[in-house]
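Peer 1: Just so you know, the sequences run in chain order R and B. Read left to right, the first sequence gives residues 1 to 276 (this note's numbering). Read left to right, the second sequence gives residues 1 to 307 (this note's numbering).
Some hints could be false.
As the list claims (entries may be wrong) - Derived coverage of chain R by chain B (criterion: at least 3 residues anywhere in the stretch with Cβ under 8 Å from a Cβ of chain B; other residues may be distant): (1) 8-15; (2) 26-40; (3) 44-54; (4) 124-134; (5) 257-264.
By construction, these hints were calculated from the structure, which means they are not laboratory data. Backbone N, C-alpha and C fix where the C-beta goes; we use that ideal spot for every residue, glycine too.
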Amino acid sequence: MTAARHRGRSILLTSGLAIALAAVLIPFYWLVVAATHSSREIFDSPPPLLPGGHLGANLNTLQDTAQFGRVVLNSLLIAVVYTVCAGAVCALAGYGFAKYRFRGREALFALLMLGLVIPAQVTLVPLFQMMAELHWLNTYQAVIMPNLALPFGIFLMRQSMAALPDELLDSGRMDGCGELRLFWKVVLPPMKPALAALAIFLFLYQWNDFVWPLIVLRDSASYTVPVALASLQGLDETDYGAILAGTAAAAIPMALVFLALQRHFVSGLLAGAVKE
Amino acid sequence: MTVTLTGSAARAVPSQGTAPRPRPRRRVAPYLFVLPALLLFAVFKLYPIGRSFVISLHKTVGGTERFVGADNYVRLLHDPLFWTALKNTAVILVVQVPVMLALATGLAVALNSTLLRGRAVFRLGFFLPMVTGLVAYGIIFSVLLNKDYGLVNWVLGLAGLDSVPWLTDPLWAKVSLGLALTWHYTGYNAVILLARLQSVPAELYDAAAVDGAGAWTSFRHVTLPGLRPALLLTTVLSTIGTLQIFDEPFVLTGGGPDNATLTIGVYLYQNAFKYFDFGYASAIAYALAVLIGILGVIQFRFLGEKS
């Protein structure tokens with residue numbers, strides 16, 4: 001291929017993909033624009049294409065109609081506690097399955113992986129009844145507890161932990177390290193990138209989760225962000241300016257956090273995803 | 001990921017013959033590590049799965065449960081709405097999933113091309129929709145696709161085209177749902193495929209080029225075979241996801257218009273948490289689980305055996 005042809009193709013491919021990317025990103029841009037306009041302006045013709053000055057008013061409306069500050073705090077608290085606890089459960093289990101040989105290991109792991117293919121819907125009704133019997137409806141633990149042993153997280157951790165050399169563990173044992181201390185002092189430090197990926201995944205998963213919180217949170221004061229937004233959309237007089245401001249407030253910080261940490265995230269997820 | 005061994009660790013490698021027998025403490029340790037996960041899994045997954053089946057054999061009448069045997073399953077077979085939901089889900093599976101995976105494959109190949117400038121930016125950008133929660137993007141799309149005031153119809157109007165009843169016409173509502181799903185998941189699948197693509201040895205492409213293969217031939221005979229395991233994974237994941245689909249139709253169209261976007265997931269939710277018919281909802285859930293199991297096995301047989 002001549003240099004000129006090579007360059008031509010390169011420009012063609014890059015600009016073609018740039019157009020596709022722009023199409024993908026338009027909803028994000030429009031979200032930011034719409035969040036700063038009133039409901040009436042959003043549906044003007046022509047629609048607003050640049051940010052307006054209505055963001056503050058929209059957020060105020062959101063606070064008045066949905067206690068949005070409280071809702072964001074609910075979401076944050078649930079997501080943080082979930083990330084820490086589920087991260088610990090998954091890391092412990094992943095390590096156990098990756099680095100020990102014990103009776104029933106294969107069967108127990110297969111059992112956990114069954115959770116990947118059994119649709120969540122099968123457990124919705126009985127779980128809801130369980131939460132009602134425990135008097136856990138409208139509580140944080142009702143949202144957090146059922147998904148702590150997340151099969152995908154355990155799978156991810158097992159894949160990553162398997163890459164840890166056995167020699168490292170043996171040398172720790174020779175130095176007289178107990179098994180739990182070994183996990184804490186020797187195993188976890190080199191696992192930081194994988195743990196970061198897991199943490200981002202868990203946080204995003206919980207932050208965006210909708211169906212389960214929708215079912216167990218019946219009182220608007222305990223709502224998470226997605227539940228609150230969906231409930232606002234169901235109202236007769238839907239204030240789209242307010243809803244979209246809330247959507248932007250929930251989605252854009254997540255996107256930024258993801259952008260900052262994406263290196264870990266993508267490589268960590270793929271370490272688990274594409275192994276044969 | 002690689003971990004560099006320190007000098008002392010490298011020296012401490014025990015030879016096979018002298019490895020000490022595990023002490024009792026170490027025989028208990030693995031069980032302690034996996035215990036929290038197993039316990040939580042048993043209580044919040046296995047037990048509900050079993051209980052769900054028991055519930056599906058009961059009917060809730062005035063707050064009390066009455067055993068009705070297979071009645072709920074018989075009702076399911078004769079329920080036109082269930083079949084509508086099944087058909088809608090199948091349409092998404094047959095139309096949207098292949099289109100999305102083809103797009104994702106093309107995108108992965110493009111992202112892997114040495115001709116592309118600024119690859120990191122593209123990889124990141126196409127992955128971003130995945131970060132957006134389902135409710136958030138459902139809301140965004142429902143406003144963008146508004147028939148009278150939405151941005152999309154406004155742009156179509158500029159081009160001299162009639163406005164499209166995106167969410168209010170049964171056929172277009174399905175198209176809208178497909179567009180939203182494609183927007184959300186294509187980049188994610190592309191990233192999985194891309195990772196696989198990067199492990200296809202460059203020598204294979206060189207060899208193909210030496211044999212005089214064009215772009216299409218080398219794509220068919222080198223790229224596609226190399227992608228097979230990742231394509232299997234993305235196909236199975238997309239199938240499972242599609243069969244369970246709930247959030248998008250729930251937020252975007254509420255299952256309407258005229259049940260055109262009613263999916264099994266939405267129908268199950270309606271029966272359980274709108275009509276509080278737990279027995280019937282559980283029967284739907286079990287039908288769904290069986291379906292996922294069957295399709296999963298078929299796909300593994302079909303796609304897995306050839307590799």
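Peer 1: Are three or more residues of the region 8-15 of chain R within 8 Å, CB to CB, of chain B?
Peer 2: holds (count 4)
Peer 1: Within the assertion that chain B covers the region 124-134 of chain R, do at least three residues meet a Cβ-to-Cβ distance smaller than 8 Å?
Peer 2: Our answer is that it holds, as 7 residues pass the Cβ test (under 8 Å) against chain B, meeting three.
Peer 1: Between the region 44-54 of chain R and chain B, see if three or more residues pass the 8 Å beta-carbon test, and mark the coverage as holds or violated.
Peer 2: holds (count 4)
Peer 1: Just to make sure I understand the rule, a stretch counts as covered if three or more of its residues have a C-beta closer than 8 Å to a C-beta of the chain. Does the region 26-40 of chain R meet that for chain B?
Peer 2: holds (count 5)
Peer 1: Do three or more residues of the region 257-264 of chain R come closer than 8 Å to chain B, measuring C-beta to C-beta?
Peer 2: holds (count 3)
Of the hints listed earlier, there is not a single one the structure fails to meet.
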